[in-house]
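Given next are the chains, with one letter for each unit.
4 protein chains.
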Amino acid sequence: MDLHALQTRLRGFAAERNWESYLNPKNLAMALTVEAAELQEIFQWLTPEEAADIASKPEAHQHLGEEVADVLMYLVQLADRSGIDLEAAVERKLLLNARKYPPPPQA
Amino acid sequence: MDLHALQTRLRGFAAERNWESYLNPKNLAMALTVEAAELQEIFQWLTPEEAADIASKPEAHQHLGEEVADVLMYLVQLADRSGIDLEAAVERKLLLNARKYPPPPQA
Amino acid sequence: MDLHALQTRLRGFAAERNWESYLNPKNLAMALTVEAAELQEIFQWLTPEEAADIASKPEAHQHLGEEVADVLMYLVQLADRSGIDLEAAVERKLLLNARKYPPPPQA
Amino acid sequence: MDLHALQTRLRGFAAERNWESYLNPKNLAMALTVEAAELQEIFQWLTPEEAADIASKPEAHQHLGEEVADVLMYLVQLADRSGIDLEAAVERKLLLNARKYPPPPQA
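Protein chains in written order, with our numbering: chain A, 4 to 110; chain B, 4 to 110; chain C, 4 to 110; chain D, 4 to 110.
Hints were generated in silico from the structure; no laboratory data involved. Some clues are possibly wrong.
Claimed, not checked - List time: in silico DSS-like cross-link candidates among lysine-lysine, alpha-carbon distance up to 30 angstroms:
| no. | chain 1 | residue 1 | chain 2 | residue 2 |
| --- | --- | --- | --- | --- |
| 1 | D | K96 | C | K96 |
| 2 | A | K96 | B | K96 |
| 3 | D | K60 | A | K60 |
| 4 | C | K103 | B | K60 |
| 5 | A | K103 | C | K60 |
| 6 | B | K60 | A | K103 |
| 7 | A | K60 | B | K60 |
| 8 | C | K103 | D | K60 |
| 9 | A | K103 | D | K103 |
| 10 | B | K103 | A | K103 |
| 11 | B | K103 | C | K60 |
| 12 | D | K103 | C | K60 |
| 13 | C | K60 | D | K60 |
| 14 | A | K96 | B | K60 |
| 15 | D | K60 | C | K96 |
| 16 | D | K103 | B | K103 |
Unchecked claim - To give an idea of the chain D side of the interface with chain B (calculated C-beta under 8 angstroms), a few residues:
| no. | residue |
| --- | --- |
| 17 | T11 |
| 18 | N21 |
| 19 | Y25 |
| 20 | N30 |
| 21 | M33 |
| 22 | A34 |
| 23 | V37 |
| 24 | A40 |
| 25 | Q47 |
| 26 | W48 |
| 27 | E53 |
Unchecked claim - The calculated label-pair distances, taken between Cβ atoms and stated as ranges, are:
| no. | chain 1 | residue 1 | chain 2 | residue 2 | range |
| --- | --- | --- | --- | --- | --- |
| 28 | D | T50 | C | E19 | 21 to 31 angstroms |
| 29 | C | A58 | B | S59 | 32 to 42 angstroms |
| 30 | C | A17 | D | Y25 | 28 to 38 angstroms |
| 31 | D | E53 | C | S59 | 38 to 48 angstroms |
| 32 | B | E23 | A | W48 | 20 to 30 angstroms |
This structure is a prediction, so every number in the text was calculated from the model and none was measured. Note that beta-carbon positions come from the ideal geometry of N, C-alpha and C, so glycine has one too.
Generate the whole structure from the sequences, applying the supplied hints.
Following this line, the structure appears as structure tokens:
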């Protein structure tokens, strides 16, 4: 998926609806957490085993897809409106994680 | 950014560290929300105006990039391990949103 | 409000409905965050000034009261089922905060 | 625990440190969710069984107590600054819940 193209589409969507003034990074961060929590709610009373099997429940799985999309769409808007290059941010964090959690020695 | 390639890299990263058993969708959803909240924490005491200017504060901006990356990396792992096609999910949600929020009539 | 009495009432409510097996601390922590996010959602597109004036909007204010109650009820259940004495925890944290943030010198 | 007395103490604590301007309901709602997520983080990689046994791990249990206290302190401040009577809100929600989830018939 081309995240830059998605950012451009979401800019257009917001501009057409005069939502620009709401979409500052503080509000977008709040909306991101709210969507993450809505996603989490799908799993809250499930056992880990039931959660791992979510793809077998069509209704819950479709709902999950909607929440995943909402999280991604708020995240790319937040990055767009706070000057974060998503790809560079991920590459940098992967390096930090590799340093923080070195792989265990192989037998 | 190629999100499928990122999913493959994160699978390898987890497998090398024997983290597989932790990464069920329930736990990943929890981790996603925790990272979203850490991102949100950067903005919680800022005014909307200060938040919009986050790119001018190098330390906070770098921190923000790390949290953005963490959210994206947990999201793609969650999608991967619960059978969600990210691109299809976003296209479907864009359609739903366009229907739910029709653009206002142009003057 | 007597939080111990509230814990007892919520234990009875759960027992009558055979909800016991769901109410482990992990699930309760998830439900707590979900309710906090639902509360936060009320404020996400408001300016700080509009948020401060929430009591003047009867419908939003009533909704806020419901979310506040949900957060408190999950919090006391979580404390109950993980052996946390709420009053002792608050007294201890007030001391830690007073040490961490000493009051500024008075003129 | 007397939640009104706690509200008064937290008002004094904030006033002494000139924090008043930060403590509008929008910011307090953000802080509440952040603390709930920090609490949740304690449980995110634990099995439900390990989570239920948290009281046996002194360090994690003490940490949990701190996060529980943080959530409660932000919640009572939020209620205080948005005109919510905590006790009335809980009584009303208990009634709504009893109506929404009637107890199953006894054998």
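Verification of the supplied hints:
1. Proposed proximity of D/K96 and C/K96 is supported: the alpha carbons are some 28 angstroms apart, at most 30 angstroms.
2. For the hint linking A/K96 to B/K96, the alpha-carbon distance of about 28 angstroms falls within 30 angstroms, and the restraint holds.
3. For the hint linking D/K60 to A/K60, the alpha-carbon distance of about 36 angstroms lies beyond 30 angstroms, and the restraint is violated.
4. Between C/K103 and B/K60 the alpha-carbon distance is near 25 angstroms, which keeps this suggested pair within the 30 angstroms criterion.
5. Among the hinted pairs, A/K103 with C/K60 is inconsistent with the structure: their alpha-carbon atoms are about 49 angstroms apart, more than 30 angstroms.
6. Distance hint between B/K60 and A/K103 is fulfilled; the C-alpha atoms sit about 25 angstroms from each other, no more than 30 angstroms.
7. Taking the CA atoms of A/K60 and B/K60, the gap is about 45 angstroms. The hint is violated against a cut of 30 angstroms.
8. For the hint linking C/K103 to D/K60, the alpha-carbon distance of about 25 angstroms falls within 30 angstroms, and the restraint holds.
9. Among the hinted pairs, A/K103 with D/K103 is inconsistent with the structure: their alpha-carbon atoms are about 48 angstroms apart, more than 30 angstroms.
10. Taking the CA atoms of B/K103 and A/K103, the gap is about 44 angstroms. The hint is violated against a cut of 30 angstroms.
11. A distance of roughly 25 angstroms separates the Cα atoms of B/K103 and C/K60; the hinted pair therefore holds under the 30 angstroms criterion.
12. A C-alpha spacing of about 25 angstroms is found between D/K103 and C/K60, which places the hinted pair at or below 30 angstroms, so the restraint holds.
13. Taking the CA atoms of C/K60 and D/K60, the gap is about 45 angstroms. The hint is violated against a cut of 30 angstroms.
14. Taking the CA atoms of A/K96 and B/K60, the gap is about 19 angstroms. The hint holds against a cut of 30 angstroms.
15. For the proposed pair D/K60 and C/K96, the alpha carbon gap of about 19 angstroms is at most 30 angstroms, so the pair holds.
16. As the CA atoms of D/K103 and B/K103 are separated by approximately 28 angstroms, the hinted pair is consistent with the 30 angstroms bound.
17. Nearest Cβ of chain B to the Cβ of D/T11: about 23 angstroms, over the 8 angstroms cut. The hint is violated.
18. Residue-level restraint check for D/N21 is violated (minimum Cβ-Cβ distance to chain B is 13 angstroms; threshold 8 angstroms).
19. The beta carbon of D/Y25 comes within 5 angstroms of a beta carbon in chain B, closer than 8 angstroms, and the hint placing it at the interface holds.
20. Satisfaction of the interface hint for D/N30 is found here, the shortest Cβ-Cβ separation to chain B being roughly 6 angstroms, below the 8 angstroms cut-off.
21. The closest approach between the C-beta of D/M33 and any C-beta of chain B is roughly 4 angstroms, which is under the 8 angstroms cut-off, so the hint is satisfied.
22. Against a cut-off of 8 angstroms between C-beta atoms, the interface hint on D/A34 holds, since the closest Cβ of chain B lies about 5 angstroms away.
23. Interface restraint check for D/V37: the shortest CB-CB distance to chain B comes to about 5 angstroms, inside 8 angstroms, so the restraint holds.
24. For the restraint placing D/A40 at the interface with chain B, the shortest Cβ-Cβ distance is roughly 3 angstroms, inside the 8 angstroms limit, so the hint holds.
25. Taking 8 angstroms as the C-beta cut-off, the interface hint given for D/Q47 holds, the closest approach to chain B being about 4 angstroms.
26. Interface hint status for D/W48: upheld, as the beta-carbon distance to the closest one in chain B is roughly 5 angstroms, under 8 angstroms.
27. Because the beta carbon of D/E53 sits about 12 angstroms from the nearest beta carbon in chain B, more than 8 angstroms, this interface hint is broken.
28. Checked against the given bound of 21 to 31 angstroms, the beta carbons of D/T50 and C/E19, roughly 27 angstroms apart, stay inside it.
29. In this structure the supplied range 32 to 42 angstroms holds for C/A58 paired with B/S59, their Cβ-Cβ distance being about 35 angstroms.
30. Between C/A17 and D/Y25 the Cβ separation comes to about 37 angstroms, which falls inside the hinted range of 28 to 38 angstroms.
31. For the pair D/E53 and C/S59, the beta carbons lie near 46 angstroms from each other, so the given range of 38 to 48 angstroms is met.
32. Checked against the given bound of 20 to 30 angstroms, the beta carbons of B/E23 and A/W48, roughly 24 angstroms apart, stay inside it.
Of the numbered hints given earlier, the model fails hints 3, 5, 7, 9, 10, 13, 17, 18, 27; all others are met.
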